[in-house]
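Could you put the whole structure together from the sequences, leaning on the hints where they help?
Number of protein chains: 2
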Amino acid sequence: MSDTTCHMSISLDGFCAGPHQSRDHPLGVRGHELHGWHIGDPRATEADRTATSWLMRPRGAYVMGRNMFGPIRGGWDEPWDGWWGPEPPYHAPVFVLTHHEREPIEMQGGTTFHFVTDGFDAAYAQAREAAAAGGGDGGVDIAGGASTVRQALNAGVVDELTLDIAPVLLGGGESLFDGVRDFDFEPVEVLHSPLTTHVRYRRRQPG
Amino acid sequence: MSDTTCHMSISLDGFCAGPHQSRDHPLGVRGHELHGWHIGDPRATEADRTATSWLMRPRGAYVMGRNMFGPIRGGWDEPWDGWWGPEPPYHAPVFVLTHHEREPIEMQGGTTFHFVTDGFDAAYAQAREAAAAGGGDGGVDIAGGASTVRQALNAGVVDELTLDIAPVLLGGGESLFDGVRDFDFEPVEVLHSPLTTHVRYRRRQPG
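Residue numbers (the UniProt record's numbering), protein chains in the order written: chain A, 1 to 207; chain B, 1 to 207.
Honestly, the hints are just simulated from the structure, not real lab data.
Just so you know, even glycine gets a beta-carbon here, dropped at the ideal spot from N, CA and C.
Just to be clear, a hint being listed does not mean it is correct.
As the list claims (entries may be wrong) - Partner residues aside, some chain A positions facing chain B, computed with beta carbon under 10 Å:
(1) Asp-13
(2) Glu-103
(3) Pro-104
(4) Ile-105
(5) Met-107
(6) Gln-108
(7) Gly-109
(8) Asp-159
(9) Pro-167
(10) Phe-177
(11) Val-180
(12) Glu-186
(13) Leu-191
(14) His-192
(15) Thr-196
Unchecked claim - The following label-pair restraints were derived from C-beta to C-beta distances:
(16) Asp-137(B) x Thr-45(A): 22 to 32 Å
(17) Val-188(B) x Ser-53(A): 21 to 31 Å
(18) Thr-50(A) x Val-29(B): 36 to 46 Å
(19) Thr-50(A) x Pro-206(B): 21 to 31 Å
(20) Trp-83(A) x His-100(B): 52 to 62 Å
(21) Gly-119(B) x Gly-179(A): 36 to 46 Å
(22) Asp-178(A) x Arg-23(B): 20 to 30 Å
(23) Gly-85(B) x Arg-23(A): 28 to 38 Å
(24) Val-29(A) x Val-188(B): 46 to 56 Å
(25) Gly-109(A) x Arg-49(B): 46 to 56 Å
(26) Asp-137(B) x Thr-50(A): 46 to 56 Å
(27) Val-188(B) x His-32(A): 39 to 49 Å
Okay, here's the thing in structure tokens:
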């Protein structure tokens, strides 16, 4: 299915990272509490494993923000390969939104990071093209972070949005929704565990 | 069951009323979109009817904030009987937090509004006592609004919190969670319809 999807973990008060984000603490204070369901909290259940399979299913291409690729390490004069280690979990072309031109980086396992300097719409168009030409299910995933997701929502391109709503109040940090103008989704599937509520939303069809 | 419960409808960005609340628009701009599931939206489903039965089940007593009782109408020199008409849906004692002393008002159908001027803890203690002595299931419900719910959460008295999370972004207004310090709940039951996701949370047991 060539849907454009997005899957984000948020707190009940709408943040996808806590306050005081930094290079050493990219999720901010307590932000890791949003992610226990897929990174080994022993309270995770079958519902969490199903939602993890949603998160990890192969897609045709990805769009991500600069901070999802990796933090700045001594500036772009010191090239490096991002957060994800030698074999990132994408296994497909990933289009990274940035202000800094850079040659693509081909990683092990089929992930190639492409750096796009002319904005979300350009990156998304390239991702669509790559997905249509390539493997996976032919669809594009918006891989985060919050700013990139907001741009995708405001561009109206997201067909399916999955939110893992953790019963956690972060009280501040990076809001997923601040400045999102259009939002016309409805819940179509819901799973829950003690750790979170997984809600799969589909964009409503016009009319 | 003598649990203390609370049931609130919120937007995905954590507001229980939109911006620009006023006497004529107590839910603020677009706040009514949170409530379609129980007030007649034709898209409501069996899930919404089940959640409505949770909302309407008889309780032993209620605590509510001043603005849930009713807006100020020419000050307290002009007594009146609140929003709820001659037969409010509570059918039990309701303890209203206010700064203005007033004699209790007995309504039709078993609802009596008591006005409490010495704060949440006092109102909650009176509600517990009335619930234990009276009808319903012997438990107390925190009937809103947001400020009263925040006080109840911070006092640690809420055993069960049900949230109807509407796929709506209000972008501002009355935040349910702003300033809530302690929050240790987990989802135990979830229902969904095109209009909302109903999540029943239980307070985690210590240890």
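Each hint, compared with the structure:
Against a cut-off of 10 Å between C-beta atoms, the interface hint on Asp-13(A) holds, since the closest Cβ of chain B lies about 5 Å away. Hint status for Glu-103(A): violated, given a least beta-carbon distance of 38 Å to chain B, over 10 Å. This hint is violated: Pro-104(A) has a C-beta 35 Å from the nearest C-beta of chain B, more than the 10 Å allowed. The interface hint given for Ile-105(A) is violated, since its Cβ lies 35 Å from the closest Cβ of chain B, which is over the 10 Å cut-off.
About 34 Å separates the beta-carbon of Met-107(A) from the nearest beta-carbon of chain B, more than 10 Å, and the hint is not met. Taking 10 Å as the C-beta cut-off, the interface hint given for Gln-108(A) is violated, the closest approach to chain B being about 38 Å. Taking 10 Å as the C-beta cut-off, the interface hint given for Gly-109(A) is violated, the closest approach to chain B being about 35 Å. The beta carbon of Asp-159(A) is not positioned within 10 Å of any beta carbon in chain B (closest approach about 14 Å), and the interface hint is therefore violated.
Interface hint status for Pro-167(A): upheld, as the beta-carbon distance to the closest one in chain B is roughly 5 Å, under 10 Å. With 10 Å as the threshold, the beta carbon of Phe-177(A) comes within range of chain B, its nearest partner Cβ sitting at about 5 Å, so the hint holds. Among the interface hints, the one on Val-180(A) holds; its C-beta lies about 6 Å from the nearest C-beta in chain B, closer than the 10 Å criterion. With a cut of 10 Å, the hint placing Glu-186(A) at the interface with chain B holds, because the nearest CB-to-CB distance is about 4 Å.
Given hint, Leu-191(A) at the interface with chain B, holds; its Cβ is 8 Å from that chain's nearest Cβ, closer than 10 Å. Because the beta carbon of His-192(A) sits about 4 Å from the nearest beta carbon in chain B, less than 10 Å, this interface hint is met. Checking Thr-196(A) against chain B: minimum C-beta separation of about 7 Å stays under 10 Å; hint holds. At roughly 30 Å, the beta carbons of Asp-137(B) and Thr-45(A) sit within the given window of 22 to 32 Å.
Against the hinted window of 21 to 31 Å, the Cβ-Cβ separation of Val-188(B) and Ser-53(A) comes to about 23 Å, which satisfies the hint. Hint check: Thr-50(A) to Val-29(B), Cβ distance near 37 Å, so the stated range 36 to 46 Å holds. The supplied range of 21 to 31 Å is met by Thr-50(A) and Pro-206(B), whose beta-carbon atoms lie about 30 Å from each other. Checked against the given bound of 52 to 62 Å, the beta carbons of Trp-83(A) and His-100(B), roughly 57 Å apart, stay inside it.
Taken as a hint, the range 36 to 46 Å holds for the pair Gly-119(B) and Gly-179(A), whose Cβ atoms sit roughly 37 Å apart. Here the CB-CB span from Asp-178(A) to Arg-23(B) is close to 29 Å, well matched to the stated 20 to 30 Å. At roughly 58 Å, the beta-carbon separation of Gly-85(B) and Arg-23(A) lies outside the given 28 to 38 Å, and the hint is violated. At roughly 27 Å, the beta carbons of Val-29(A) and Val-188(B) sit outside the given window of 46 to 56 Å.
At about 49 Å, the beta-carbon gap between Gly-109(A) and Arg-49(B) stays in the expected band of 46 to 56 Å. Range check, Asp-137(B) to Thr-50(A): about 35 Å between beta-carbon atoms, so the 46 to 56 Å window is missed. Between Val-188(B) and His-32(A), the C-beta spacing of about 23 Å breaks the proposed range 39 to 49 Å.
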